[in-house]
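If you read the sequences in order, they're chains A and D. Sequential numbering from 1 applies to the first sequence in our numbering. Sequential numbering from 1 applies to the second sequence in our numbering.
No lab work stands behind these hints, which were simulated from the structure alone. Heads up, a few of these hints could be off.
What the hints assert, rightly or not - Across the chosen pairs, the derived CB separations fall in these ranges: (1) D/ARG623 - A/ARG492: 36 to 42 angstroms; (2) A/ILE84 - D/GLU518: 35 to 41 angstroms; (3) D/GLU663 - A/SER485: 48 to 54 angstroms; (4) D/LYS474 - A/SER275: 43 to 49 angstroms; (5) D/ASP70 - A/GLU579: 39 to 45 angstroms; (6) A/GLY149 - D/ARG537: 23 to 29 angstroms; (7) A/GLU320 - D/ASN600: 36 to 42 angstroms; (8) D/GLU47 - A/GLN272: 54 to 60 angstroms.
Each residue gets a CB set at the ideal place from its N, CA and C atoms; glycine is no exception.
2 protein chains.
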Amino acid sequence: MHKLRLTFFMIAILAFSLSSQAKKYDSPLMPIPESIKFTEDSFELTEILSVGFSGFTSERLVFNANRFVDRLAGRTGLFFKQGIINQESNSDTSNIIINVDREGKLLPGEDESYSITISEKQVKLRAVTDIGAARGLETILQLLTVENGKYIFPGCEVQDSPRFVWRGLLIDVCRHFMPIEMIKRNLRGLAAVKMNVVHLHLSEDQGFRVESKKYPKLTGMGSDSLFYTQEQVKDIVEYASLLGIRVIPEFDIPGHATSWLVGYPELGSKEQEYSIERTWGVFDATLNPTKERTYEFLDTLFTEMSVLFPDEYFHIGGDENSGKHWDENSEIQSFMLDNNIKDNHALQAYFNQRVLKILTKNNKKMIGWDEIQHENMPRNIVIQSWRGKSGLEKAAKDGFQVILSNGYYIDLIHPAEEHYLNDPLPADIALTEEEQKRVLGGEATMWAEFVNNETVDSRIWPRTAAIAERLWSKKLNNNIPDMYSRLEKVSRSLEELGITHIKNRDMLLRGLSSNNVEHVKILSDVLEPLKGYRRGRYKPYTQQSPLTRMVDASIPDAPGALKFRLLVDDLKSDKISNEILSLLEMWSGNNKILTKVIDNNPILEEIRIHSKNLSLISGELLRIIRGEITVNDSEIESLIENARVNDGQVELKILEPAQKILEYLK
Amino acid sequence: MHKLRLTFFMIAILAFSLSSQAKKYDSPLMPIPESIKFTEDSFELTEILSVGFSGFTSERLVFNANRFVDRLAGRTGLFFKQGIINQESNSDTSNIIINVDREGKLLPGEDESYSITISEKQVKLRAVTDIGAARGLETILQLLTVENGKYIFPGCEVQDSPRFVWRGLLIDVCRHFMPIEMIKRNLRGLAAVKMNVVHLHLSEDQGFRVESKKYPKLTGMGSDSLFYTQEQVKDIVEYASLLGIRVIPEFDIPGHATSWLVGYPELGSKEQEYSIERTWGVFDATLNPTKERTYEFLDTLFTEMSVLFPDEYFHIGGDENSGKHWDENSEIQSFMLDNNIKDNHALQAYFNQRVLKILTKNNKKMIGWDEIQHENMPRNIVIQSWRGKSGLEKAAKDGFQVILSNGYYIDLIHPAEEHYLNDPLPADIALTEEEQKRVLGGEATMWAEFVNNETVDSRIWPRTAAIAERLWSKKLNNNIPDMYSRLEKVSRSLEELGITHIKNRDMLLRGLSSNNVEHVKILSDVLEPLKGYRRGRYKPYTQQSPLTRMVDASIPDAPGALKFRLLVDDLKSDKISNEILSLLEMWSGNNKILTKVIDNNPILEEIRIHSKNLSLISGELLRIIRGEITVNDSEIESLIENARVNDGQVELKILEPAQKILEYLK
């Protein structure tokens, strides 16, 4: 058993494919640490498990130690005798000893390294900072396994530290508001996979989401009463800090600003009444960069917000300014002439320089999207690159620091492997070593046009764990089946943190089917929401549209389709495995029963065609495999072609593997 | 179809047993309204559905109208064209018309009546108050059904009003703290079943849960930082008000007060240091009723809290004062002698009279548990009766108003039917009509020793819906199978409100079984947590104990056991139905597979014996039924006897029905 473990990790770390033996080992570390060596020992968990500190202690350390023990108790059902851990819990009588030198600072580049030594008698966790210790505790939790009917930590030595210093998730709380509990549970999820930044997208055309005491109409008229009070912001920031996570606020200007102008139309570039946008897209409402009152307003607001959000970075958005209202406004045009500003991009750079002064006065560094990059901007700002790889390269070459979001747009429903393979610094990148150092890391982006508090976790998780590994672990982990296998285990463990991605999916399926989940789930397991921006094209979505349909219950990396694809990828000849046959049999019989469920639940009507196609195609495949018909005599090709439909804004995801099987059978 | 509906409701209302035909109708009203008459019409839901007001409007009305439409959209997947409803949405172009006279006041006895008329073209909701309208909207939602592949409201006329004016749920947020989101989602649940009171049990030996700006050490030292800020309390109160629900705060004194004394030991009856209690039971910490500083403290605190909680009632607890510290304190003994106070009950009455003055000054009426009843107390207080039926009768006879909680202790895991049949005014009650009027209603009580935010909903729901019907509907509904059948449907619909009782149970089972849920769920479906106070006897439970074990995943009215019992109750002869046979077959084969899951998940070790017993008993029953062995030759009786074990603090719930089958077979 111990040797197997050793083998497993060597294999995983060396990025070879997993042996079937190694899969028996059930402690899937994600992200994979820098190094891990197993020994013959096991540390058995019993009721006398107790945690103590042998060095510096802090509120953060105590908080994380208590969470650690609570989660162990939850998983094992053990009634630990220790009780609540506090700063006085020293290591003299403890068998889990945490040694830390100092408090970690919430700054990019802070020491997050840790090491773990597990022997039969003791678990030792050593870290420079309490943030490093928090990272290490998550690793120990992932090591928990069962041996001979007992819960154990396997004997081992772990050394670990991150590859990139900026590893984050953007949460859009504007298109659909996300209650504070959504932020907190996702902060716990981020901490579990060693991410260290949450980026809150706080203002948009569809809503302004933070209370300002200076400008109460921002939320009073621009939020539908859906916003965070200042007390709640403090709560979020404090909670994130305990978890070792920075909170970056984004106030998107000068575009994407409709909600500001509902209460303060005088800031706009066009004289008109504004109302909250209810649909999706790029709108024209834009702050007026030529008026001093705009800067006075921003000065007052950002000074207020700078106190509320203590991080040294402050995100000003800057993306997708349509420029239409600038072009149409003669005063703005005169201003540009008078000041020798040649185009809208230059005008936005002028605006950004004015805003930069406000931020600098408040001891903040600026961060913004690709569009804020301009030769006139100082080089201490950070560019968040969303428009493509070239943007990142250009920024780094021009001396800007940069984080990557292009390729991490998890709202677009791409498979985990695509994000996983999206390296901020791929082998072929055309950057010098010096320029590469300017690439700080990356952020997954959870835009919220098509998610709400009930469904959002199913878009964030588990794929964000794969991105977390990409940003934390060394460059060499590119084994896709291994990644998916570990991802599945991490996914389940996220439930203990309150992440709702699994349970809310089942809930939606119960709602869709009047509680007849079985067959609707079989179908949902092979359907995926349309990728990219296509979902919005086929229905007139607004902020009020229901998010309870099959497209919402369906998830990226649809599990049945993924399983099918991995099995088919594994095919070495035309010997179709029994696992593939069982899937096909299950699918071919599914429509008959699901049809009745659809009859009784009109909300499912839109996916009737997918149900039919799934059963037709898998039935026909079975006939071919069984030799009842040849590929050439069969209508299978046209069945597959006809199944490429977008009804319900979902697509059937078994078509490519089905075609691949045909290649074998031909 | 329409005739069937008519039949169904006549039958339900007349409390005859359901015909199997009637079960086809899928709009289970709960609570059952005063009267409902179906017509031949149907109102079809389409995208042009729109809600408008033809009379008074209010924030509450708009709030509930928008919720109503959002929930309809969620259930039907329809993209309604109307957009957000506001106070200007009038009825000219609407097909759902709400007519209300005035704002409802949050007082016991406020008008909550409503009537509904549904025709092919229109839904009309008429109510005196916006609270009545909110109740009516819940009824309309329950009427939603499917006809010919379309979502419809059946044509009907409904008249409805409540039997009792006080219909509530107590939530203990002290033993385990409940976050604000738990309160909010349960407020939505209460509103869905037309309850109108949430009673928050806010202080206990284990924690003080509301911020006091006057006495910050109450939460600063007595809450582990788990409490509601005043901003959050305002949020709860406002949210409840929108839903037409009163919020009654309880500060339990003079006993159950340890958490107060951690920060303010000078208020105690014994000179000592106090610390937060971590275990369960009755403790001795008691406020000192003989010191003026106690009343000064209470005066300041309750004046502060009276503003925060606007309800006219203020709950002072008063239960389970052990009296030990009073007996031991010589100063208190002298005080009693000097003031001619003959015993501790009289001393507590003295204390209560002093507290009453403070409440009266703040325009509050007092409510407290049985123990506050005393001849010296004025008759405008309300007694909450928990110790037995005689307490309620005595209070009403003595001129007190009273609400019933005895028989509604949902923390004790009794079946829904027991609570359902627990009428505050049963036919044989020995009260005059005048005295009966003093019985205002009842409250279910959710004590939190053995639940946390993850598990609590599975104790509250769906049983609280049965209590809600008991308190709302006329006296004649006592059909148990019908109640269970409607309860199951209400249960599912509660999920749309965020209630977690179904989804978190599955989550716990996934955690217990490393995601191999199927067989562990089959077992859990026939296990129930020990009833009454027995669970705490077999394990040293504390506030830190895990609540993730089988006992926590198991629920009252275990669904498999309930189904079995209802089937067996239906047996007319020794012809065992196929449904019973399938259950027995499923159970008899379950242990073989579940054993392997237990092997890999030591947290399940404690229920291995139940798994074995379930399979043994059902296997043996099958052998008897199939005639392979006679009852007399079988060891079935001793198998059943041996299965009466409490391992894991759960019990196997199929034993009585199994025995009943034997009676038939003998």
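Hints versus structure:
1. D/ARG623 - A/ARG492: 36 to 42 angstroms: holds, 39 angstroms
2. A/ILE84 - D/GLU518: 35 to 41 angstroms: The hint (35 to 41 angstroms, Cβ to Cβ) holds, given that A/ILE84 and D/GLU518 are roughly 37 angstroms apart.
3. D/GLU663 - A/SER485: 48 to 54 angstroms: holds, 53 angstroms
4. D/LYS474 - A/SER275: 43 to 49 angstroms: holds, 48 angstroms
5. D/ASP70 - A/GLU579: 39 to 45 angstroms: holds, 42 angstroms
6. A/GLY149 - D/ARG537: 23 to 29 angstroms: Cβ of A/GLY149 to Cβ of D/ARG537: about 27 angstroms, so the range 23 to 29 angstroms holds.
7. A/GLU320 - D/ASN600: 36 to 42 angstroms: violated, 51 angstroms
8. D/GLU47 - A/GLN272: 54 to 60 angstroms: Distance hint for D/GLU47, A/GLN272 is violated at roughly 30 angstroms.
Violated hints, listed in ascending order, are 7, 8; each of the other numbered hints is respected by the structure.
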